[in-house]
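K.L.:
Here are the chains, one letter per residue:
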Amino acid sequence: MLAAVEVTSNWYLILSAALFAVGAMGLLIRRNPLVMFMCVELMLNAVNLSFVAFGDRLGDIAGQVSVFFVLVVAAAEVVVGLALVVAISRRRATTTADDLSVLRG
Amino acid sequence: MVEVIVFFVCAAIVLGGAAGVIIARNPVHSALFLIQTLFGMAVLFISLEAHFLAAVQVVVYAGAIVILFLFVIMLLGVDQAEDLNIEPIVGQRFVAGILSLGIFFLVTASLVGSEDAITGARGSSGQIVDETVKPNVEQLAETLFTDYVFAFEATAILLTIAVVGAVVLARRTKGDMLDTPKNTLEIREENYQARIDARAAELEAEAAGNNSAAEAPDSAEAGDDLVDAADATDGGEA
Amino acid sequence: MELLDLVFLIPAFPLLGFITLLLIGKPLGEPLAGWIGTAAMAGSFTATVLVYLGLRNQDAEDRIFSQTLFEWIPAGDFSVDIGFLADPLSIAMCLFISGIGMLIHVYSIGYMHGDEYFSKFFLYLNLFAFSMLMLVLGDNLLLTFLGWEGVGACSYLLISFWFEEPANATAGKKAFVTNRIGDWGFMVATFLVFFTFGSIKYVEFLPAAPGMSTNTATAIALLLFVGAMGKSAQFPLYLWLPDAMAGPTPVSALIHAATMVTSGIYLLTRVNGLIYEAADWVGNVIAWVGVGTALFAATIAVAQTDIKKVLAYSTVSQLGYMFLAVGTGAYVAAIFHMITHAFFKALLFLGSGSVIHGMHHDQDMRHYGALRKLLPITSATFIIGWLAIAGVPPFAGFWSKDEILLAAWDTGGVNGKALWAVGLVTALLTAFYMTRQVMMTFYGRYRYDDPTPVEIDQAWNNRIAASQLTINEAVAAEDAAKENVNKAVAAIATAETNLETMRNNVPVAEGNVETAKAALAEATDENREQLTAQVAAAENGVIAAQTTITNGETALETAKANVPIAEQAVVDATAKRAEASEALAAVQRERANAPVPEPAALFSEPDISGVEDFLPEEVAERREFHPHESPWTMTLPLGVLAVLSIVGGFLNLPFSWNHKWWHHLEHWLEPTLAHKHEIAASGNTKFLLALVAIAAGIIGIAFAVNVYLKGKGPKPAAIEKSVLANGWFYDLSVSNFMGGPGRKLFDLVAWFDATIVDGAVNGVGSVVRGVGGTARRTQTGLVRNYAVGVAVGAVALVGWFFLRASL
Chain A
1 MLAAVEVTSN WYLILSAALF AVGAMGLLIR RNPLVMFMCV ELMLNAVNLS FVAFGDRLGD
61 IAGQVSVFFV LVVAAAEVVV GLALVVAISR RRATTTADDL SVLRG
Chain B
1001 MVEVIVFFVC AAIVLGGAAG VIIARNPVHS ALFLIQTLFG MAVLFISLEA HFLAAVQVVV
1061 YAGAIVILFL FVIMLLGVDQ AEDLNIEPIV GQRFVAGILS LGIFFLVTAS LVGSEDAITG
1121 ARGSSGQIVD ETVKPNVEQL AETLFTDYVF AFEATAILLT IAVVGAVVLA RRTKGDMLDT
1181 PKNTLEIREE NYQARIDARA AELEAEAAGN NSAAEAPDSA EAGDDLVDAA DATDGGEA
Chain C
2001 MELLDLVFLI PAFPLLGFIT LLLIGKPLGE PLAGWIGTAA MAGSFTATVL VYLGLRNQDA
2061 EDRIFSQTLF EWIPAGDFSV DIGFLADPLS IAMCLFISGI GMLIHVYSIG YMHGDEYFSK
2121 FFLYLNLFAF SMLMLVLGDN LLLTFLGWEG VGACSYLLIS FWFEEPANAT AGKKAFVTNR
2181 IGDWGFMVAT FLVFFTFGSI KYVEFLPAAP GMSTNTATAI ALLLFVGAMG KSAQFPLYLW
2241 LPDAMAGPTP VSALIHAATM VTSGIYLLTR VNGLIYEAAD WVGNVIAWVG VGTALFAATI
2301 AVAQTDIKKV LAYSTVSQLG YMFLAVGTGA YVAAIFHMIT HAFFKALLFL GSGSVIHGMH
2361 HDQDMRHYGA LRKLLPITSA TFIIGWLAIA GVPPFAGFWS KDEILLAAWD TGGVNGKALW
2421 AVGLVTALLT AFYMTRQVMM TFYGRYRYDD PTPVEIDQAW NNRIAASQLT INEAVAAEDA
2481 AKENVNKAVA AIATAETNLE TMRNNVPVAE GNVETAKAAL AEATDENREQ LTAQVAAAEN
2541 GVIAAQTTIT NGETALETAK ANVPIAEQAV VDATAKRAEA SEALAAVQRE RANAPVPEPA
2601 ALFSEPDISG VEDFLPEEVA ERREFHPHES PWTMTLPLGV LAVLSIVGGF LNLPFSWNHK
2661 WWHHLEHWLE PTLAHKHEIA ASGNTKFLLA LVAIAAGIIG IAFAVNVYLK GKGPKPAAIE
2721 KSVLANGWFY DLSVSNFMGG PGRKLFDLVA WFDATIVDGA VNGVGSVVRG VGGTARRTQT
2781 GLVRNYAVGV AVGAVALVGW FFLRASL
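Residue numbers (the numbering used here), protein chains in the order written: chain A, 1 to 105; chain B, 1001 to 1238; chain C, 2001 to 2807.
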């Protein structure tokens, strides 16, 4: 039975959607900024997967090129984000995302 | 056949890892679950003929980024477990569930509904990726260094800026720990508590007022009673 | 490098001068700031000459050069460039604007000597020159409008240059506000042009004009004419120009005579192709407004006594001539008259400035007279300007005015004849009032030492006050004498009372003596001596009392004798007082009988017999003062302009020589005119018309000489009616209307603005504040709240895509 089944790009895309949904959920419910960053990484990975899947479906190498750039942006984001977390934790004992609301004007 | 098995196994690994990231209380565990997801993703990349990306995924993501996460966690000692049983923002979890399910089902529905539903347009045809002409990695390299060379150079600047920004942000500054001002939730809580207290005090005052008002006639009566009693006594004596 | 490419330098030099003076004008001070402003104008003039030469080198048809510096306002289909259009018309204008501008800058160095705001004056002048050149050179209507507003602003700044005087500030405001009405016409015309042609560039919309809708062309032409009426001071918007004379005289010469006020004529000439497409009656309207204003202003000029006011009304009148030419299609004649007028009117204004400068800033012509000898250069040049404007050949004004009158005649029919006749009457009046001015200023009797009627009046008052003083003294003396009589009478009464008392005392004293003697009779030895002494004392008392009585009686006699003397003194004092009152009455009679002093004692000294010694001090101060000729910086421009006023007419002579017409200006301007204006009249007619014009001028001059120099014919007062002196009460009635019913209307507008417009604005403000107050609650500062927002947006987006794809 399984022999008749082909793995189509739609499967990858549905997996990507699921991963993105999980990442989004995590971002919304977790309070630790580090874990929130990880959830952002999950979402970025979901998008990467859909890029590669679309590239495969359309036969266009540009999908993979985009993933390359997403990777670079993700790296930069993590670097700056973690630097922010470090800077904040120097000033505050506890660090949850909710505590950052003291920055409100 | 094999592909299908590989896909489902990897999908399980990826989703399992993702679930682990958001469920684990300890951030260290979250980071480890993230590695699991990334490895599963790398295998999926291979099955999609993206060999170079699979390698990069392992080296850069798992090897560099997650290590950076762990490093920061260890450095700051913020690896305390987070209490997932409380949610300070009312309704946040409910909304989060609705939204993520919404995204998932909408995307899936449109994917299942038609092949080009998401954009409403057909993709550009024409087989650029042709394994017979050149290997996949070579094609990627060629495209990256010809058509996308400007963007590629721009990423160099982006990374430089990120590094400089990180150094500036994380530099040790003079000054002590700040007194921690109350965050929005704490203020909200406090205001709520204050309102409750005020209401309680009000009720108490009201109750006290009623009591004294109720008591006053009683004592008068009691006085009358005493007088009556005295009269009675007098009368009794008379 | 092509000479034509230098066109941008023409306005660039004054701009540079303006910026320099703006930055370092004050430290430079006098006279360096003035020379820098002059140098800027000289540079501009040089550039103009070079561009002119460049244009000359081209063939007549190619004499049009556009230079675009940069795109100023790009907005969709609508785009405005900062670009210059150098063609014969604009360069002819630039030549005299920068040339005369330079001369007036030189003049101002002398005129503004010692002024507190010396460098600021040149700052404004340079800014004005820049704006005026932009107006002329602009290659589209909007750029011209920019210059148009720029010169208006400079005009405002310069009229109220001495803003400490409230009247000057008010005059500036009046000019500014009046011009707004005209600017409205200009703006609407610009909109209409863009709406019709899709472009406001002259080189684009003017060639497209032939064949356009007559109604649109009529509307545009009339609206542009409204704009021109404001700037060029035509009835009914001329009101501001006479008041503009409050500014320094060089400003009057440059802005309010030679350049800015001609921009209306320039504008209409520039769009002549468009006016040609308008209905026929538009030209007639322009011509009649022009000639009507010319006559109207000329009648007012006849009765003005302020030397600059005469010239101001004269300017209004001459501008009317130019509009007459424009209305009859004789654009060349209009430009010709504009140029010659710029020469001689600038000359006249500068000359009047020189007179005012020499006369201690007294502007009343009635105080002048016989200045010919005292101000030789000024008077010589002024006389040349007078002959030019009065239409005496071969001076410049004759040729240009003759062309206009010819064009008016040539319109044909009764209409043309009527235009010509009114123009001719105006020419006669022009000759008359200008001659009057020259006679009153430079000829006749030297009247500066004369006491004015006001001063004579004051002298009489002084004399009466002196008489009054005498009366007061007499009254005081009389009162004192009466007081003396009273005192004497009172003294007699007192003396009599005293005498009575004394007489009563005598019997008492005698009684005392009796008593003492009786006592002595009964005296014993012991006290005899004492009693004897008492008797002696008593007897002494009687003697003393009797002596006192005698003395008192003598004193009473004397006092009684004094009373008549004192009474006599009272009578004398009363007589003196009556005499003094009589003297006062005599003085008042004398004053009543004295001839009413004439406002202008043109022919004989004012009769001041009887009050010579009572004249106020100002007269003596004036008699100390001697009018003086101006410095060379002021007389040099006068000389140059005088030469130009003589030869200016040769630009466009109506003669032929070797079968070549001497119509230089006409040939030069031909490429810019859409239609050649042909004169149909024959040579004989032209000659006759010229003779009639000359005759009119000579009659005007002769009449004025008769009245104002020789004192024959009607009295000046009979000519200078107060209705004329007050400008037919037009200004007054406008003020009354605007201050009365007009004011209520504007109050209504102000109410509407304060309540409805401001209310709407404030309403929007409070709504925004309310919404903001609510919306700020969403800013919790909680990152995860914001993330929910982003997620909602993402879901909504995907949902929308999904719906769009599946429907």
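Since the hints were made in silico from the structure, they are not lab data. Every residue gets a Cβ at the ideal spot worked out from N, C-alpha and C, and that includes glycine. Keep in mind that a hint or two might mislead.
[What the hints assert, rightly or not] Short derived list, chain A residues pointing at chain C, Cβ under 7 Å:
| no. | residue |
| --- | --- |
| 1 | A24 |
| 2 | L28 |
| 3 | L44 |
| 4 | V47 |
| 5 | G81 |
| 6 | R91 |
| 7 | T96 |
| 8 | D98 |
[Stated by the list, open to error] Pairwise CB distance ranges (calculated):
| no. | chain 1 | residue 1 | chain 2 | residue 2 | range |
| --- | --- | --- | --- | --- | --- |
| 9 | B | H1051 | A | E6 | 35 to 43 Å |
| 10 | B | I1161 | C | V2757 | 47 to 55 Å |
| 11 | A | E6 | B | H1029 | 50 to 58 Å |
| 12 | B | H1051 | C | G2773 | 16 to 24 Å |
| 13 | B | K1182 | C | G2773 | 49 to 57 Å |
K.L.:
Against this structure, judge whether each hint is valid.
P.N.:
Going through the hints against the structure:
1. Evaluation of the A:A24 hint against chain C yields a held restraint, the C-beta minimum of about 6 Å falling below 7 Å.
2. For A:L28, the shortest C-beta to C-beta distance to chain C is roughly 6 Å, which falls under 7 Å, so the interface hint holds.
3. Checking A:L44 against chain C: minimum C-beta separation of about 14 Å lies over 7 Å; hint violated.
4. Taken as an interface hint, A:V47 does not check out: its beta carbon lies about 12 Å from the nearest beta carbon of chain C, beyond 7 Å.
5. Given hint, A:G81 at the interface with chain C, is violated; its Cβ is 12 Å from that chain's nearest Cβ, farther than 7 Å.
6. Given hint, A:R91 at the interface with chain C, is violated; its Cβ is 16 Å from that chain's nearest Cβ, farther than 7 Å.
7. At a threshold of 7 Å, the smallest CB-CB gap from A:T96 to chain C is about 10 Å, leaving the interface hint violated.
8. Interface hint at A:D98: satisfied, since its Cβ lies 6 Å from the closest Cβ of chain C, which is below the 7 Å cut-off.
9. Taken as a hint, the range 35 to 43 Å is violated for the pair B:H1051 and A:E6, whose Cβ atoms sit roughly 21 Å apart.
10. For B:I1161 paired with C:V2757, a C-beta distance near 50 Å keeps the hint of 47 to 55 Å intact.
11. Between A:E6 and B:H1029, the C-beta spacing of about 37 Å breaks the proposed range 50 to 58 Å.
12. At roughly 58 Å, the beta carbons of B:H1051 and C:G2773 sit outside the given window of 16 to 24 Å.
13. Range check, B:K1182 to C:G2773: Cβ separation about 23 Å, and the 49 to 57 Å hint is violated.
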